[in-house]
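Visitor: Letter by letter, the chains look like this.
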Amino acid sequence: MRDMIIPGDMVSDKPLRIANGFIQNGKTYSKVLGVYDAAERTIIPLEGSWMPRLEDSVVGIITEARPKVYIVDLSYFGRALLIPGKYDRYEFQPGDIISALIKNIEGKNTIILEDPKPLEGGTILSIKPKKIPRVIGKKSTMVRQIAEYSGTHIVVGMNGLIWLKDGNIALATEALLKVEREAHLSGLTDTIKNFLEKNKSE
Amino acid sequence: MEAIDIVKTSYIKELIAKGIREDGRKANEFRKIEIVSGLIKNAEGSAQVDLGATRVLAGVKLNLDEPMEDTPNQGNLVVSAELLPLASASYETGPPSPDSIELARVVDRGIRHAKCVNLESLFVEEAKAWTVYVDLYVLNYNGNLFDAGSIAAMSALLSTEVPKYEDGKVVREERVSKLKIDNIITSSTFAKVGGKSLLDPTANETNAAYSRVTIATDEKYVRAMQKGMSGGFSAKEIEELIEVAFNNHKEQKDIIKKSQK
Amino acid sequence: MGSSLNKPELVVDGKRLDGRRFDEIRDLKITAAPLKNADGSAYIEWGNNRILAAVYGPKEATPRHLSDPSKAIIKCRYSMAPFSGLSEHGRSGPNRRAIEISKVIKEVFENVVVLSDFPGSEIDIFIEVLQGDGGTRAAGLTAASVAVASAGIHMRDLVYAVSAGRIDEHIAVDFTMIEDNYSDCDMPIAVAPRNNEILLLQMDGEMTKEQMSEAISMALEAGKKVNVAQRNALKEAYARAGEEKN
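Residue numbers (numbering that gives the first Met the number 0), protein chains in the order written: chain W, 0 to 201; chain C, 0 to 260; chain U, 0 to 245.
Derived by calculation from the structure, the hints in this document are not laboratory data. Values in this document were obtained by computation on a predicted structure and should not be read as measured data.
Label pairs and their in silico Cβ distance ranges:
1) W:Q23 / U:I98: 31 to 37 Å
2) U:S216 / W:I82: 57 to 63 Å
3) W:T190 / U:I98: 46 to 52 Å
4) W:T190 / C:E236: 40 to 46 Å
5) W:P66 / C:H112: 54 to 60 Å
Restricting the straight-line Cα-Cα distance to at most 25 Å, the calculated cross-link-like pairs of lysine to aspartate or glutamate (DMTMM-like) are:
6) C:K40 / U:D179
7) U:K6 / C:E165
8) W:K177 / C:D22
9) C:K177 / C:E160
So these bits of chain U aren't anywhere near chain W, every CB distance computed over 12 Å:
10) K6
11) G13
12) G46
13) D179
14) D203
Yeah, the Cβ is synthetic: ideal placement off N, Cα and C, and Gly gets one too.
Please build the complete structure, drawing on both the sequences and the hints.
Guide: In structure tokens:
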């Protein structure tokens, strides 16, 4: 049973230490607009900004190349830095697009990235970060079928930025935006498959 | 510009080089226009226009003022525009920006020179005439505010009703007549990206453009033009775009007329 | 307020000018997420009020020296369109009244938003009154609350607001513009509904201690309807999302 919840709604009369919830007077309330899965005891937010986690794969744009550090725009309110190690052999210019992994989160909102891979050309689409798991789909089924039908290279960042290159980018974009809009509906993989099937020829 | 806009800008240029627009439109194709008029009952006239994802609300108010010295027998028209901070992440709070002033002035010039509002009909009595205030409120920005603004202003003016004036007093609760509108103007804005002129540019296309032109026409005449941004157009290009603008005018005029119940 | 000059009859046969009971609020309808660009938004029709609220953020705080590394900062702008009133063309941009309202609304959200979850960030709340007919700050705040929730920003409560006050000897809620102009007191109240904590209260006029208690409890009771409208707006937005065309 999953119920839609609104900030301030009680999800349990016991104190539960769960993400997106808070405890007051021994009871647990939701901080977000979302759904509550009582069996799993999890609050799943429907909207909101990205909350970075270690090892998240992200897509970003280099905004500054300083000696020994790159500043990366992840479309996030905190800072993201890429600090080349002694043996790293990469060089970027402002405006370059990369994918990278989160190595560390320092202080409250400074993200340290590692393992950058250049993404050359193409464009970037931003999707609400909370919809990214749906964009990827179970075992990447969703993003894979969009890539196959459109012939587009797609790299999805957990931060909500998606890199697209070649193929029918307009079709891929439409499909991704449809996933974003309909993320809360069931049977989405088939819906998108039908959509791609119908529109691929045009 | 944000880093992501710079990336999108170079992508738009790449696409245009292949003859494709980001939303698949042809070079001379407008986005869908939707008009709701009379939304704001407190205003004497109003209309909300959706041009794709661009949304502009126009409100009209009539104040009883003293006529200008050089035109003692007529009223006046004042157009203003606000790029509201809720319309785009790139808009800021504060005094009117040069962009909002340019928008208001370009829309104003078209309406004024096409003599859309019958200013003589605004004369009330010795030293009293209506001033028609048109405010353009940008609620969501995705490019081409000039054309959306013109449609909104024109639709709002067509919906405008003049308040009652009795014994030296304005009775706003009662409206006695339609505002006299003699002509309808619409505009066509083109942004030039990679040597191609694109009608009704989106925000991304505007970011990628180096030259822009707005052509306001009625059925017969070009009534106002504004060349924007640092790039240029050839005389031949301008001629072709004027032709397109005239063709668009007929279509848009119909849409505007249909929005009036 | 409280002006007796040309004061119209506000109560006829025990009912208000628009036929409402004293404890009855006007019909209201909220639409969540009507704007495409904003991170969260809401449109409210409350009586003849028409108000848009939008939220941008959490985003990087600017200018940087204003950012707080331990929590989010909130900025709020309440403004009335020059065509929003039935009177003549108004001035553009926030005046002193609007700046004060912006401040007290900002302080309400500083209470309910979990600021420490977004350190170093900025959250912008914009309230644009497109048409006003009394109680715009209550309606604007109510819409802003839905906009903040629809942006997925962490909050402890879905705050709402409603006004209460006195017309002649009658305690009543939710004044129209004309009632507000001639009432003896108008008092907007914002409430965090989980434990009915009052987060905003502005009052001027004339009220006894007993009248104050009665007004506050009437506002809390009437506010339930406001809260239901907020919740419905958020639920409908998610039922609706799937039907939207491309």
